[in-house]
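Residue numbers (our numbering), protein chains in the order written: chain A, 1 to 428; chain B, 429 to 791.
FYI, nobody ran anything at the bench for these hints, they're computed from the structure.
Hints should not be assumed to be uniformly reliable.
To be verified - Derived DSS-like pairs (lysine-lysine); straight-line CA-CA distance at most 30 Å:
hint	chain 1	residue 1	chain 2	residue 2
1	B	Lys-737	A	Lys-6
2	A	Lys-399	B	Lys-439
3	A	Lys-206	A	Lys-428
4	A	Lys-6	B	Lys-439
Claimed, not checked - Covered stretches of chain B, going by a simulated chain A footprint (3 or more residues, C-beta under 8 Å):
hint	segment
5	556-565
6	700-713
Idealized CB from N, CA, C, for every residue including glycine.
If you want the building blocks of each chain, they are given just below.
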Amino acid sequence: MTIEFKTPDEIEKQLHQVQIVAENVMRPESRMLDDSEHARPLNFVHMMWPQMREMERANLEASLRRARNGSDSDNGAKPKSDEPKKPRTANLSLVHMIEMLSWGDAGVYLCIPSSALAGAAIQAVGTPEQKERFLRRFTEGEPKWGAMAMTEPQAGSDTSNIQTSAVFDEETNEWVLNGQKIFCTGGKLAYAESDGLIVVWATVDKSAGRAGMKPFVVEAGTPGLKIVKVEDKLGIRASDTASFVLDNCRVPADNLLGESGAKSGGETKGFKGAMRTFDATRPIVAASAIGIGRAAFEFARDTLAKQGVRMDYESPRWKLTTVQADLLDMEIQLCQAWLLTVKATAMLDSGDDNKLMASMCKVKAGKAVTVITQKAVELLGPLGYSTQTLAEKWMRDAKINDIYEGTGQINTLIVAREILGYTRKELK
Amino acid sequence: MYSFDMTSEQKMLVDTVHRYAEKMLRAAYREAEESAAAPAGTIRTGWELGLLPAGIDAEYGGYGEYSALTSALYLEELGWGDVGISLHLLSPNLFALPVALFGDNEQKAAWLPRFTEADFPKATAALVEPVYQFDPNALATTAEREGDSYTIQGVKIYVPLAQNAEVFLVYAQEKNRTQAFIVPAETPGVQVAERVVMMGAHALPVYTVNFNGVTVPAGNRLGGARGIRMNRLLTVSRISAAALAVGQARAAYEYAVKYAKEREAFGEPIAHRQSIAFMLANMAIEIEGVRLQVWEAAWRYDNREDASKLAMLAKQAADKMVLEVTDNAVQVLGGHGYIREHPVELWLRNGRGFAMWDGLIIG
Ligand SMILES: Cc1cc2nc3c(=O)[nH]c(=O)nc-3n(C[C@H](O)[C@H](O)[C@H](O)COP(=O)(O)OP(=O)(O)OC[C@H]3O[C@@H](n4cnc5c(N)ncnc54)[C@H](O)[C@@H]3O)c2cc1C
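Make the full structure from the sequences, and use the hints.
In structure tokens, the structure reads:
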């Protein structure tokens, strides 16, 4: 092994394609989709679907193949010795694409038709049959969305406090779900506007805490689930953020993800498995954050260059104007966030435990782009604060990255526990 | 590809340097700081590691090829051990590596073999000047050509080990550009003046040196007619300095983590509190962020890409990070951190130095 910092050629090529989409399809509609909050970016959706379908197919086939070969079904299984030595780059490629798409428009990127977080959960803990049954749809037909519903009004960071219940009905061989979920990204698209699905977290035994929490698949249109609200937000307005209630919502027994027969809450890879999906999704959120940050930085830099402010990478710091120094600091933060993200992702691809790195990059990126985009608005003055440019929008969009997939604090907590070797009891 | 694992050779070297840092530097750092001198034995053993010769071409008696990345990897270990003694150990580099980088064949043949011998070379460089706002690209020291020689005029501070130096590499302004000149210590006009005491890194003796109408042959201009490219040199220096800073910060971070788990207040370890734990977590994140910047800049340099921008970004990030991290380490130790029985107060003083050491660390 060796230390290396080279973007593989295939990824460069793909990136070039994505950049064209970002520039020509996403950016032109950015302001409009921000203004008309619940409109759908249909051009983008239809343009991306064929590609997403192929990606979904490749992921599904690979995972089924791994299952047949008897290796673990998680995200970053070590390649078997008889497989070609070529390093896995699936996640690396993904974070590059997402960074670029978010550079285009983060809200629009979140409308990309795919199994998304639901797919991650199903891939992480689903049986091969479940993968086939639930994920095949994302490889064919019309655009579809997947969503993941954990958060409830009284359970955000504290996921162990979820109240949504799942009770097994022996007579019908079904699970009966009751409760309320909020802030579900893509929830309405998944349930009401396509033939998608939502992975709903519910507890089969409140007294068991985390061990009682299980993921259930609720398919589009299943009776008993009602979308009650679509949120109006600070940013990423093109993204669909849905709240729904589950009122005796019935799903078949084997919609409980995990080994079949784990009916009334027997051991499944449930909660731990879900937590492990964060190892894959946190670098993705970090990458999305960085895309927005880069957009804001580049715009500020290039706009100010026309005003005669040049980047100075040579002079000592005391010779820089405050604006030059601010721009330099923005670039430094972007570099660091990106390198941490790439490292977390490379570790995931090679099957190493990347939990610490995944939280590190998420903390860094969330904080960095919050500050970078805020600074960009400031540096760009009255026009930067106006809706004549996208800077103010990027600042609103960026903020979500320090909130979802674990707030900055929660991810810092994870880093702290890891480096101190503490349990959640020792460090609350 | 992107990968983050050292080669097995790099790992071996890093292990060796780490052992040296642990056994020799950590054992000597306080005594060295208080007595303001690095123990001769520590320097001798450090020199025997052969770090500098590894970056000098075989035709001059070295045994390798320079790699900024490999240097960065072991510099982190040295910085972890002790910055002051390490700067002492690295002083000959300030002469040798610019010569290796820019010297013409005669200069290399004349000087480089001395840096591959058993004895610690008595060579150093004079760059920094006694001013409040220093810019290595706008020096007050001047060099003027007259016929076949140059005359150098100016004052330098922070000249490491000047007292014993047999030869200096003196940086001076020539027609608006920084150039470097090889100046033997016995040249008339060279006057080593008082020792300058810095806030930290006392194990590195630095001096004021006056260059009063010092005349050297034109052939002593480094790089001959081509001269040097100061920004290329600063790129290497910035990568090295940032790597050393990462090591210093890591030392402070590790010390603070250990202390926070042992120290109890209000009935439990202070690390059980988020305000302490989060400080430690952020220290870890900041260190790793800068380390990766250093590695990337070094990797690009080794791959003959223009790394000047990345090196500058890494250095500026490192300057800020190392100060923050060492300061936080003092904070985690509370009053005890302020007492010289613990190393963190020294590490904070060292941490402040990096911003002032542009061009003063080359590894
Ligand atoms: C646009 C959007 C999309 C979302 N998409 C999804 C989705 O698709 N699926 C889903 O399940 N959820 C989703 N969420 C929910 C999101 O993950 C939560 O909002 C987030 O986890 C925080 O929970 P909370 O809002 O309840 O805040 P709280 O948990 O109430 O936190 C409030 C504050 O307290 C801090 N805090 C909490 N606990 C601690 C602690 N132990 N130590 C220190 N500080 C602490 C937090 O960091 C935060 O600053 C989305 C949210 C938004 C806004």
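Review point. At a Cβ distance under 8 Å, does chain A reach at least three residues of the segment 700-713 of chain B?
Key: holds (count 9)
Review point. Does Lys-206 of chain A pair with Lys-428 of chain A here, judged by a C-alpha cut-off of 30 Å?
Key: Holds, because 21 Å separates the two Cα atoms, which is no more than 30 Å.
Check your understanding: Given the hinted pair Lys-6 of chain A and Lys-439 of chain B, is their alpha-carbon gap at most 30 Å?
Key -> holds, 21 Å
Point to revise | Coverage criterion applied to the segment 556-565 of chain B (partner chain A; beta-carbon cut 8 Å; 3 residues) | key: holds (count 5)
Review point. CA of Lys-399 of chain A to CA of Lys-439 of chain B, is that 30 Å or under?
Key: violated, 40 Å
Practice item. Given the hint that Lys-737 of chain B pairs with Lys-6 of chain A, test it: the Cα-Cα distance must not exceed 30 Å. Key: This hinted pair holds, its Cα atoms lying about 17 Å apart.
Hint compliance for this structure: hint 2 alone is broken.
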